[in-house]
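Participant: Chain by chain, the residues:
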Amino acid sequence: MTELEARPPMSSMPVDLTPGALQISYVSAKCQVVDRGHSAAQSKEMTKAEDSKSAGTDQLAALAMSVQLRRRVNSTNLFAYGSGSLLIGLVWMFGESASQNGFIALVVPLTFGGLWAATAMRSSRLGVRGYRIGYGVLFLLSLAATVAGLLVASSNFGALTLLSVGFFWLGWRERSQLVWGMSAVGFMLGLVTSAAAVRQIVGIVETTRSMQVSAYITTAFAVVVIATAVWSMLDENQRLTSIVR
Amino acid sequence: MSDKGTVGESLDEVVHQRTRLSILMLLGGGVEVDFSFLRTSLDLTDGNLGRHLDVLAEAGIIAVRKTYNGRRSRSWIRLTDYGTLKLGQEARILRSIADQIDQVRALNGDETS
Numbered sequence: 012m013t014e015l016e017a018r019p020p021m022s023s024m025p026v027d028l029t030p031g032a033l034q035i036s037y038v039s040a041k042c043q044v045v046d047r048g049h050s051a052a053q054s055k056e057m058t059k060a061e062d063s064k065s066a067g068t069d070q071l072a073a074l075a076m077s078v079q080l081r082r083r084v085n086s087t088n089l090f091a092y093g094s095g096s097l098l099i100g101l102v103w104m105f106g107e108s109a110s111q112n113g114f115i116a117l118v119v120p121l122t123f124g125g126l127w128a129a130t131a132m133r134s135s136r137l138g139v140r141g142y143r144i145g146y147g148v149l150f151l152l153s154l155a156a157t158v159a160g161l162l163v164a165s166s167n168f169g170a171l172t173l174l175s176v177g178f179f180w181l182g183w184r185e186r187s188q189l190v191w192g193m194s195a196v197g198f199m200l201g202l203v204t205s206a207a208a209v210r211q212i213v214g215i216v217e218t219t220r221s222m223q224v225s226a227y228i229t230t231a232f233a234v235v236v237i238a239t240a241v242w243s244m245l246d247e248n249q250r251l252t253s254i255v256r
Numbered sequence: 002m003s004d005k006g007t008v009g010e011s012l013d014e015v016v017h018q019r020t021r022l023s024i025l026m027l028l029g030g031g032v033e034v035d036f037s038f039l040r041t042s043l044d045l046t047d048g049n050l051g052r053h054l055d056v057l058a059e060a061g062i063i064a065v066r067k068t069y070n071g072r073r074s075r076s077w078i079r080l081t082d083y084g085t086l087k088l089g090q091e092a093r094i095l096r097s098i099a100d101q102i103d104q105v106r107a108l109n110g111d112e113t114s
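Chains as they are written, first to last, in the working numbering: chain A, 12 to 256; chain B, 2 to 114.
Chain B extracted, bound-state conformation:
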């Protein structure tokens, strides 16, 4: 696979889904964030966020770690190495799509690009 990627590469629905992409974008800076931070930042319900995290964790894209402070538990979520790779792949495909849109517009003499 080339660095640039091609449109032919299929977008992975596990990664590409809007909410899951938003989660991965927030995790992409090499940080670990807690469940409530993600829920508040993305304006999601507990159940909705939990389902998306389950999908990502099952695919091995994120890792979830629990910590305990007295009785209260906190879930910390981070991107795995595989997740970093998948996010990079996604970025390459999106770049490639944007490049192709530019090329088509240039061919059509579109002034707005």
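The following block holds chain A by itself, in its conformation from the complex:
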């Protein structure tokens, strides 16, 4: 049985009208119509012209897939998320307590600003970009919030929590399960480790030791996110290489 013959019957496929699913669904449908036009026996007798048509469909499917992979949504977002979290953890660990809150509040717009710049540069170079994802909006919002009172919010809810909300939004908009999944974990960790309001409810007394524990947990989480980003980048490279072949 060939790989093409092993595909499930189309009637069993669910209908999903999200743009990403639509693209895959279309590519699959188009390939299957081409497959059914050429049975195993018939394909031996395919003319050169027919062969090139079939190859064209496959190439196009690969190209459509590579468009998504070249944007490197997972690795770029996770690198930014990990770096932001690492900064928060390190400031908690080594920063002067008087300046900690101020600096940590700046990490959020700094991270989103850096991510916006990186994605804008890549989009301009590639000629492909996500439509209305919200990188710029998120940066401007976080900048405005810093001026208007993110300082207070970051000490009440935790900077990691605020950062995670932003990345959850981006992960959802980019349809990246990895990004929104990681940010959901980060959101919970942020609430537990650095949110003053939650700590009061849970009954954790704010001591130097508890702050150190929070710093270690945040840093460890950041390392996990960065490691996942590296894994994602390697995975994207591998998939892109296999498509080029």
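Everything labelled a hint here was simulated from the structure, so no lab data went into it. Heads up, none of these hints are tricks.
To spell it out: a stretch of chain B is covered by chain A in this simulated footprint if at least three of its residues, at any positions, have a beta carbon under 8 angstroms from a beta carbon of chain A; those stretches are:
hint : segment
1    : 15-27
2    : 30-41
Stretch by stretch, here's where chain B covers chain A in the computed footprint (C-beta under 8 angstroms, at least three residues):
hint : segment
3    : 69-83
4    : 136-150
Note that the structure is a prediction, hence the values are computed from the model and not measured. Just so you know, even glycine gets a beta-carbon here, dropped at the ideal spot from N, CA and C.
Here the structure of chain A is known, so what remains is to put chain B in place on it, guided by the hints.
Facilitator: Using the frame of chain A, we list chain B on its own:
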């Protein structure tokens, strides 16, 4: 109209034409791409691609947005909501055609399906 679609539904020639379908396939992932990316990826000439884009834009299937970087302008192309709907419809019809081919082959006892 059912989700599955039927062969009876007519394929829209604006969408179904080979080059235009290729353009829509590339735009189908919720991305915006620039003119030169499409031209290079699909190996088309400026004029040829421009004509196809005009047809799609007139039908309301794609939207074209121009940005300026100094003197250089760039055209960014994306699928509209209507275009997403049309591409979905096309996929359903193609699925339905493939299903019918399978049924006919099964009736004929074709071993190769």
